[in-house]
Amino acid sequence: MSRSRRRNLQIFRFAVFVVMGAFFLGPIGAMFEFSTRGNSVNAPRTLSAWTAIGTTPGLGDAIIASLELAAITSVMMLVLVLPTMVWVRLRLPQLNRVIEFICLMPLTVPAIALVVGFRPIYIWININVTDSILALSLSYVILVLPYSYRALDAGLAALDLKTLTEAARSLGAGWGTVMLRVIVPNMPSAILNASLLSVALVLGEYTFANLLNFENLQVAIAYVGLTSAGTSVAVAVASLVFAFALLLILSFVGRPPVPVSKADEADLQTGRMVSLSGGLIGRTGR
Amino acid sequence: MTADGSAGRSGVEVRLEDLTRKYATTTALDRLTLTLAPGELVALLGPSGCGKTTALRLLAGLEEADSGRVVIDGEDVTNVPANRRNIGMVFQAYSLFPHMTARKNVEFGLQMQHVGPAERRDRATEVLDLVGLSMHANKFAHQMSGGQQQRVALARALAIRPRVLLLDEPLSALDAKVRARLRDEIRRVQMEVGITTLFVTHDQEEALAIADRVGVMQSGHLEQLGPPTEVYSRPATPFVADFVGLTNRIKGVVRDGSVDVRGESIPLVHPDVEDGPATALIRPEAVSLATNGDLADGPLVGTVIAVAFLGATSRVTVDLGDTTVLAQMPTSAATLLKAGTKVRLAMRTDPVLVQREEPATTTP
Numbered sequence: 000m001s002r003s004r005r006r007n008l009q010i011f012r013f014a015v016f017v018v019m020g021a022f023f024l025g026p027i028g029a030m031f032e033f034s035t036r037g038n039s040v041n042a043p044r045t046l047s048a049w050t051a052i053g054t055t056p057g058l059g060d061a062i063i064a065s066l067e068l069a070a071i072t073s074v075m076m077l078v079l080v081l082p083t084m085v086w087v088r089l090r091l092p093q094l095n096r097v098i099e100f101i102c103l104m105p106l107t108v109p110a111i112a113l114v115v116g117f118r119p120i121y122i123w124i125n126i127n128v129t130d131s132i133l134a135l136s137l138s139y140v141i142l143v144l145p146y147s148y149r150a151l152d153a154g155l156a157a158l159d160l161k162t163l164t165e166a167a168r169s170l171g172a173g174w175g176t177v178m179l180r181v182i183v184p185n186m187p188s189a190i191l192n193a194s195l196l197s198v199a200l201v202l203g204e205y206t207f208a209n210l211l212n213f214e215n216l217q218v219a220i221a222y223v224g225l226t227s228a229g230t231s232v233a234v235a236v237a238s239l240v241f242a243f244a245l246l247l248i249l250s251f252v253g254r255p256p257v258p259v260s261k262a263d264e265a266d267l268q269t270g271r272m273v274s275l276s277g278g279l280i281g282r283t284g285r
Numbered sequence: 000m001t002a003d004g005s006a007g008r009s010g011v012e013v014r015l016e017d018l019t020r021k022y023a024t025t026t027a028l029d030r031l032t033l034t035l036a037p038g039e040l041v042a043l044l045g046p047s048g049c050g051k052t053t054a055l056r057l058l059a060g061l062e063e064a065d066s067g068r069v070v071i072d073g074e075d076v077t078n079v080p081a082n083r084r085n086i087g088m089v090f091q092a093y094s095l096f097p098h099m100t101a102r103k104n105v106e107f108g109l110q111m112q113h114v115g116p117a118e119r120r121d122r123a124t125e126v127l128d129l130v131g132l133s134m135h136a137n138k139f140a141h142q143m144s145g146g147q148q149q150r151v152a153l154a155r156a157l158a159i160r161p162r163v164l165l166l167d168e169p170l171s172a173l174d175a176k177v178r179a180r181l182r183d184e185i186r187r188v189q190m191e192v193g194i195t196t197l198f199v200t201h202d203q204e205e206a207l208a209i210a211d212r213v214g215v216m217q218s219g220h221l222e223q224l225g226p227p228t229e230v231y232s233r234p235a236t237p238f239v240a241d242f243v244g245l246t247n248r249i250k251g252v253v254r255d256g257s258v259d260v261r262g263e264s265i266p267l268v269h270p271d272v273e274d275g276p277a278t279a280l281i282r283p284e285a286v287s288l289a290t291n292g293d294l295a296d297g298p299l300v301g302t303v304i305a306v307a308f309l310g311a312t313s314r315v316t317v318d319l320g321d322t323t324v325l326a327q328m329p330t331s332a333a334t335l336l337k338a339g340t341k342v343r344l345a346m347r348t349d350p351v352l353v354q355r356e357e358p359a360t361t362t363p
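Just so you know, the sequences run in chain order G and P.
Counting from 1, position 247 in the first sequence corresponds to residue 246 in numbering that gives the first Met the number 0; the numbering is continuous, with no gaps.
Counting from 1, position 296 in the second sequence corresponds to residue 295 in numbering that gives the first Met the number 0; the numbering is continuous, with no gaps.
Careful: at least some of the hints might be erroneous.
Claimed, not checked - Below 27 Å or equal to it, Euclidean Cα-Cα: the simulated DSS-like pairs (lysine-lysine) are:
(1) P/Lys-103 x G/Lys-161
(2) P/Lys-250 x P/Lys-138
(3) G/Lys-161 x P/Lys-138
(4) P/Lys-21 x G/Lys-161
(5) P/Lys-103 x P/Lys-138
None of these hints come from the bench; they were simulated from the model.
Keep in mind the model is a prediction, meaning the values are calculated, not measured.
Required output: the full structure, derived from the provided sequences and hints.
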């Protein structure tokens, strides 16, 4: 590649970076600006909306509940999906397409339709088991299935799963050891991708919680917005920044410190692309 | 590895009895019976899909047999899961755990056996020494060559002191030179440890070079099992003759326990064949060529078509008019031969097999 062509390419990359950066940061900057306005037109800048986050009734509980839901959903998703995918790939490869179809199906069903389906189940759960908001994690696992499936699928595709598993088995490892000591350590970026996507999706979820009468972070933001627009926007900015921070972590953490094979690199690239697009859909679509 | 068997005990007997394995409509293994003597290395040789890998996987416990038994050291392990069979295995694909160093890979099996850290370290060092890789103990798989990875895999398999060692085409992903070197190394280690070993390969040279006995398989059956020299020089079936080494197929007539091939009488491996037309299967090295003497037209006089230089030996293709014949000879003897040279064939009178079918040309 000639020097001038390389320079032009760099300029083009920089231009794309600036435009895309402005596209993402512009609205957040505007929200931040709004959240620091005073009560009147000429009032000085104030952080009162931000300091009110800690004192607004119910908001702290909603934040904690959403973080708990995010953590529980991620763990449940991993415990449910990863062993299933490994087992199907090893023992029932003919079911691979079926599992993929099932996992991707929630993408095609609108959230409102899912809630209608869930409602009778949650009524029963509320009466007979628990009325805790943490029960929402059951439906959130289904919500995050398509994104986590894609991330884990990319990770598993980069492994010679059959050979590694059989090697471990022949060395005396049981299935639990194979999962925890051979498979999981060899796909850290895929697992991180899947987990962080789940966290981002759960933190941004509104429809399920609102229609099932639970107060998570997004529902609380909506309520606060009725009485204090500034605080509502401040919380929204904080949650967006938190989600972006997670996605940034996803891009930089989990990269092997040593040179990796082409297959691994392909995996990382694929995983990152899936996760970023999934994250954005999660923030805007649900 | 020490004589007291620090990487293994003295070998044990392994028996595969009437093993059958079917996949949907195909029978991968059809009542296979095979016994490995203690400390013996048996190579299963055959084309893709002949069932050799299935046999090895059934022995490893990685697949379940539809019927039959697997007996190791007198113990029926047919229903014992793979992780409780204490069998070491080296795979065709590179199977080192990518997130572990060579040493950690070797220690993995020992951890599964709850061996203490100090002993684990000692034993890992010992087996890595055995395969000549103690200098690379702290390297990850991606920092090693294919040959080194397979040697670590061998060390890892031996570290657990397995009762049986299984090698599933461990050399097929390597280049020719490394393959030959590692093949000899595997044999050296196997003999040093004295472990009963089943080696699966589709490479006849590999099987003949490494094994105490070679089993040639086809369509789930064991066609012949015997020492390499016997399998090569006295093939039991036309398939074995075809598959192991090159074979000329020349039309002839069976008469009184020998076959008449273009005027030459050659004894048969199985003299009880009925008289009549047949195809004789003759090794290229049993054919010699003369460029002097009577070169007048006759059934054994032909023209050289090509000379292939193979190093110490050369392979000459001769056109006899109605068929072509391969002759293999020392390169020094083949230097005078060029395409177009007239030659007279002579055939060594080693016993040969015959096949009752339409003769074809030489098959590789």
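### Pairwise hint evaluation, P/Lys-138 against P/Lys-103, where the allowed Cα distance is 27 Å at most
holds, 10 Å
### Task
Compare the distance between the alpha carbons of G/Lys-161 and P/Lys-138 with 27 Å, and conclude whether the hinted pair is satisfied.
With Cα atoms ~23 Å apart, G/Lys-161 and P/Lys-138 stay inside 27 Å; holds.
### Task
Assess, step by step, whether the Cα of P/Lys-21 is no farther than 27 Å from the Cα of G/Lys-161, and give holds or violated.
It holds: about 20 Å lies between the C-alpha atoms, which stays within 27 Å.
### Task
Below or equal to 27 Å on CA atoms is what counts here, so check P/Lys-103 against G/Lys-161.
Roughly 20 Å between the alpha carbons, so the hint for P/Lys-103 and G/Lys-161 holds.
### Message
Run the distance test for P/Lys-250 versus P/Lys-138: straight-line Cα separation, threshold 27 Å.
### Response
violated, 58 Å
Comparing the model with each numbered hint stated earlier shows that hint 2 is the single one that does not hold.
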